[in-house]
Amino acid sequence: VTRTEGGRPYLTASEVGQFTYCPEAWFLQRFGHMPDADAKRRLEDGTRQHARIGRTTERIVDTDALRRVLLVIVVVLAALLLAIGTGALGLVAPW
Amino acid sequence: MVTTLVLLLAAGVLAYVALGVLQTHRRNSIGLNGSTVLAADDSRIGSPTLRAERLRLVGRPDQLVSIGRQVIPVEQKPRARRVQDSHVLQVAAGCLLVSEVYGVRPAFGVLVLANGRQHRVAFTPDLEQRLLQTLARMHALLDSNQQPRPRWLGARCQACGLFSRCWE
Chain A
1250 VTRTEGGRPY
1260 LTASEVGQFT
1270 YCPEAWFLQR
1280 FGHMPDADAK
1290 RRLEDGTRQH
1300 ARIGRTTERI
1310 VDTDALRRVL
1320 LVIVVVLAAL
1330 LLAIGTGALG
1340 LVAPW
Chain B
13 MVTTLVLLLA
23 AGVLAYVALG
33 VLQTHRRNSI
43 GLNGSTVLAA
53 DDSRIGSPTL
63 RAERLRLVGR
73 PDQLVSIGRQ
83 VIPVEQKPRA
93 RRVQDSHVLQ
103 VAAGCLLVSE
113 VYGVRPAFGV
123 LVLANGRQHR
133 VAFTPDLEQR
143 LLQTLARMHA
153 LLDSNQQPRP
163 RWLGARCQAC
173 GLFSRCWE
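From first to last, the protein sequence lines stand for chains A and B. Sequential numbering from 1250 applies to the first sequence in this note's numbering. Sequential numbering from 13 applies to the second sequence in this note's numbering.
Simulated from the structure, these hints should not be mistaken for laboratory data. A virtual CB, placed ideally from N, CA and C, is assigned to each residue, including glycine.
Here are some, though not all, of the chain B residues that point toward chain A, as calculated from beta-carbon distances under 8 Å:
hint, residue
1, V49
2, A52
3, R56
4, R68
5, R91
6, S98
7, L101
8, L143
9, T146
10, L165
11, R168
Based on the sequences and whatever the hints tell you, model everything.
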């Protein structure tokens, strides 16, 4: 996310949060002041946690897609069995 | 043949139900219960950068989800134990961006705290007003290149990674 466009400053949604927490800290970070080593470690930890959440979200989306395919297969199989059961396909059901 | 079809059907139903249980567990673990994921940052799914040109505001929510046909922005705060005002304003900024880009105002945004605890932030006209005032103050500081004066916030200052820049 860029911070200036056409020479005009843009704000990010996360900066709104930073400013609300502490205007001074937001301003210093905006102009490149680096936090100390402890704060950097916390930031890195936060990045790792977000990456983990991102991976879980991918799995959710992939599995949702798989479930949709499974549902189609189940419906087709059920319809096929029903058709066999009622003799609609000209096949004789064993029951 | 019929026996095979019956077995396949049973296996399909079983797999569908088992995956459903797994999905519920996964959704709960990251606070996305009751929603459908539309976009996700930090993943190959990706999340669009939302822009409000008139407010000179941009943002990329951690997730965009669909709840009850509404597009809802989600912010993940996996280290936070309780809701803070800064979280609320960030979620409000996400809601405003969604309104600008999708043309439909979300009734709320979602904040997810530690352990996947979901908290809904109502995007009320009052909250929107506070957000607009905050944006105006921020832009005024940037346009005038005026650094805010430090104010002592006690434990918050002592825990801040920029403590020495402000107070020493």
